[in-house]
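Given next are the chains, with one letter for each unit.
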Amino acid sequence: MALIEVEHITKIFGPDPKSALALVKQGMGKDELLAETGHTLGLHDVSLSIKKGEIFVIMGLSGSGKSTLIRHFNRLIDPTDGHIVVDGTDIIGLNMHDLGEFRRRRMSMVFQRFGLMPHRTVMENVGYGLEVRGMKRRERDEHAQRWIDAVGLSGFEHQYPSQLSGGMQQRVGLARALATDAEVLLMDEAFSALDPLIRSQMQDQLISLQAELNKTIVFITHDLDEALRIGDRIAILKDGRLSQVGTPPEILLQPADDYVRAFVRDVNRARVLTVDVIMNAPQYRITEENLERALSDMRRRGAEYGYAVEGDAYRGFVTQDAVQAALDEPNGTKTIWDVAEDLPVLKEDDRLEVALPTTLAAEYPVAVVDNEGRLRGVVSSDGMSDVLTPPEEEDGDEEKPVERA
Amino acid sequence: MNQEAFFLGENVGRAIRGATNDFVTFLVVNYGNFFEAISDALLTVLVALEQGLRAAPAWTIILLIGILAYAASRRIVLSLAMMLAMWFIGTLGLWEQAMQTVAIMLVSVGIAIVVGVPLGVLSARSNTTRTILNPILDLMQTIPSFVYLIPAAMLFGLGKVPAILATVIYATPPLIRLTDLGIRLVDSEVVEASRAFGATRWQMLKGVQIPLALPSIMQGINQTTMMALAMVVIASMIGARGVGETVLLGLQRNDSGQGLVGGIAIVILAVVFDRISQSIGQRAQAYRNVANS
Chain A
1 MALIEVEHIT KIFGPDPKSA LALVKQGMGK DELLAETGHT LGLHDVSLSI
51 KKGEIFVIMG LSGSGKSTLI RHFNRLIDPT DGHIVVDGTD IIGLNMHDLG
101 EFRRRRMSMV FQRFGLMPHR TVMENVGYGL EVRGMKRRER DEHAQRWIDA
151 VGLSGFEHQY PSQLSGGMQQ RVGLARALAT DAEVLLMDEA FSALDPLIRS
201 QMQDQLISLQ AELNKTIVFI THDLDEALRI GDRIAILKDG RLSQVGTPPE
251 ILLQPADDYV RAFVRDVNRA RVLTVDVIMN APQYRITEEN LERALSDMRR
301 RGAEYGYAVE GDAYRGFVTQ DAVQAALDEP NGTKTIWDVA EDLPVLKEDD
351 RLEVALPTTL AAEYPVAVVD NEGRLRGVVS SDGMSDVLTP PEEEDGDEEK
401 PVERA
Chain B
1 MNQEAFFLGE NVGRAIRGAT NDFVTFLVVN YGNFFEAISD ALLTVLVALE
51 QGLRAAPAWT IILLIGILAY AASRRIVLSL AMMLAMWFIG TLGLWEQAMQ
101 TVAIMLVSVG IAIVVGVPLG VLSARSNTTR TILNPILDLM QTIPSFVYLI
151 PAAMLFGLGK VPAILATVIY ATPPLIRLTD LGIRLVDSEV VEASRAFGAT
201 RWQMLKGVQI PLALPSIMQG INQTTMMALA MVVIASMIGA RGVGETVLLG
251 LQRNDSGQGL VGGIAIVILA VVFDRISQSI GQRAQAYRNV ANS
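Protein chains in written order, with my numbering: chain A, 1 to 405; chain B, 1 to 293.
Wrong hints could be hidden among the right ones.
Said to hold, decoys possible - Covered stretches of chain A, as calculated for chain B (at least 3 residues, CB under 8 angstroms):
| id | segment |
| --- | --- |
| 1 | 109-115 |
| 2 | 126-133 |
As the list claims (entries may be wrong) - Chain B regions said to be covered by chain A (calculated; three or more residues, Cβ under 8 angstroms):
| id | segment |
| --- | --- |
| 3 | 183-193 |
| 4 | 203-211 |
Stated by the list, open to error - The calculated label-pair distances, taken between Cβ atoms and stated as ranges, are:
| id | chain 1 | residue 1 | chain 2 | residue 2 | range |
| --- | --- | --- | --- | --- | --- |
| 5 | A | Ser165 | B | Ser188 | 19 to 25 angstroms |
| 6 | A | Arg137 | B | Asn33 | 45 to 51 angstroms |
| 7 | B | Ser188 | A | Glu139 | 28 to 34 angstroms |
| 8 | A | Thr89 | B | Asn33 | 53 to 59 angstroms |
| 9 | B | Gln282 | A | Gly155 | 24 to 30 angstroms |
| 10 | B | Asp138 | A | Leu34 | 34 to 40 angstroms |
| 11 | B | Asp138 | A | Glu157 | 45 to 51 angstroms |
| 12 | B | Arg75 | A | Met96 | 43 to 49 angstroms |
| 13 | B | Leu139 | A | His83 | 46 to 52 angstroms |
If you're looking for bench data, these hints aren't it; they were derived computationally from the structure.
It should be emphasised that the depicted structure is a prediction, and the values quoted were computed from it without experimental measurement.
Cβ coordinates follow ideal geometry from the N, Cα and C atoms, glycine included.
Required output: the full structure, derived from the provided sequences and hints.
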């Protein structure tokens, strides 16, 4: 169910946005508009639908309009045209009073350079949203303390932001945003100012907090790796227009245009994609317990090997040779379950980098099981190498994304 | 061509002069009571303060300065030096006059703060206000005091009240400018964060902008105090008593020595109030330094 509907948002910066909007609606492009009227087309007809409880990443390079877009969600910036509907309320129509109430209750925000108040202690910063709401000091401090503990800053309550490292400051920013219990969390390049190690720690922390809290998070970043790591869905923004919206595998495996394609080329796919994206149906499932019947069935189907399944449970790997060998044994009483080899298996949510060694070492496609032990599919080393090979450039002079700012 | 004709018969100056005189006369005739009421109210506050300062034993004032200096700076040596400086004014034989000057200065600075900080806030909030305010501030700082002292004396009578008015006009602009600057320099992301959490304008001003602009505002108050002290001699010319009068008398009697003694007292007062207000300003931004301490 969509919690936030962004409907045809256009934002034009300049002295007379309304008349510039008319030109844009007649089809004038960004560069032309700037050259002829001096207006900048910040966002052009952006529509998004964000579901409750997902981490929705908006990704783009500097100048793509992503920071402008996120500021429309709580109307730090007003659109020139379009609507944003949050849980049935069109927030563009709110008056100042209702907008204040909306910001105090429904959405909170984390900023790139933290936006902490330097003259307030960690405790006072975390309690800021509650203070604005008029909550009394004691109650406010209790709430704040809970979130300070949740982000792992216990013991720093009475320090000032300048006494903390960048990562710790951003935890204060995160705690401040979480403390208001708003269901929507806006994060504007929240981790971009942090060094890589701290950044990945913060990403982990966000993912684990999200597993508990189940907020709706709109996350802005210029870093595709970050987007793929934390995003349930990703929107790619270029020059104020949407290029593509999709899940990480969709973005990686079916890039919508050359821009996205150029972007994803350098991504370490093995780290992003999971086994379930590349697995195939097993060529042959053995469900027959009797060895002789199983062998004749395999011969009839021309299957050199198969995957033994009893009911729903995966029991092991079986080759014709192994079945034959078991049948050749004198007074053999073995069933197919005894013959089945207990080879290594993969979990369907394993990342490819984890699955890679097993897959390459195996002689046959490796079985993939789910958490209940059911056989979901198989992964072959060919399938693995196909997906890990970056796509060929379709066109020699295609536009390359600028190196990340 | 005749020069007088080229300058439009030199009538513009004449017109301004006539209109101004008529306007002042109009004010005196029609609103004399109103101005007298303002004058009386100011005078009541000032006289009470002045009498309090003069009636108190000198050592209590000196001790008070010491406590104030220590509270502001937490430095014992500085506090003792401030007390010694105040005592030295007494040894110059100018204690009474110094107290009169301090009373005028405190009232003037008080009015300057009440007027200046809100104007600074308004000026920071809108560029239009700033555009209108700026030339007026330039005017206030550059126009010779006597120009407005003549009508002021007519409206409020000679003495302390026009002296305060002159001091306020001359000393408020730096406070307005520095308040404006201080608020404009507050980190925009912090202000944005405050907006994003739904703070009202007043909450934003009180909780974020004023506290973060405080070092700058304190600098403004410091400048205002210094400029108020610089006005004491002019104030004494329209009948305000105090150390300014000592300097003025030295001038009138061709007594260089007396002029110097009065001058030293003014400088000492300036140093004392400068150090104390600077220290308050520094403590207002103590949070900036904790990381390095």
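Checklist entry - Which hint numbers does the structure go against, in order from smallest to largest? => result none
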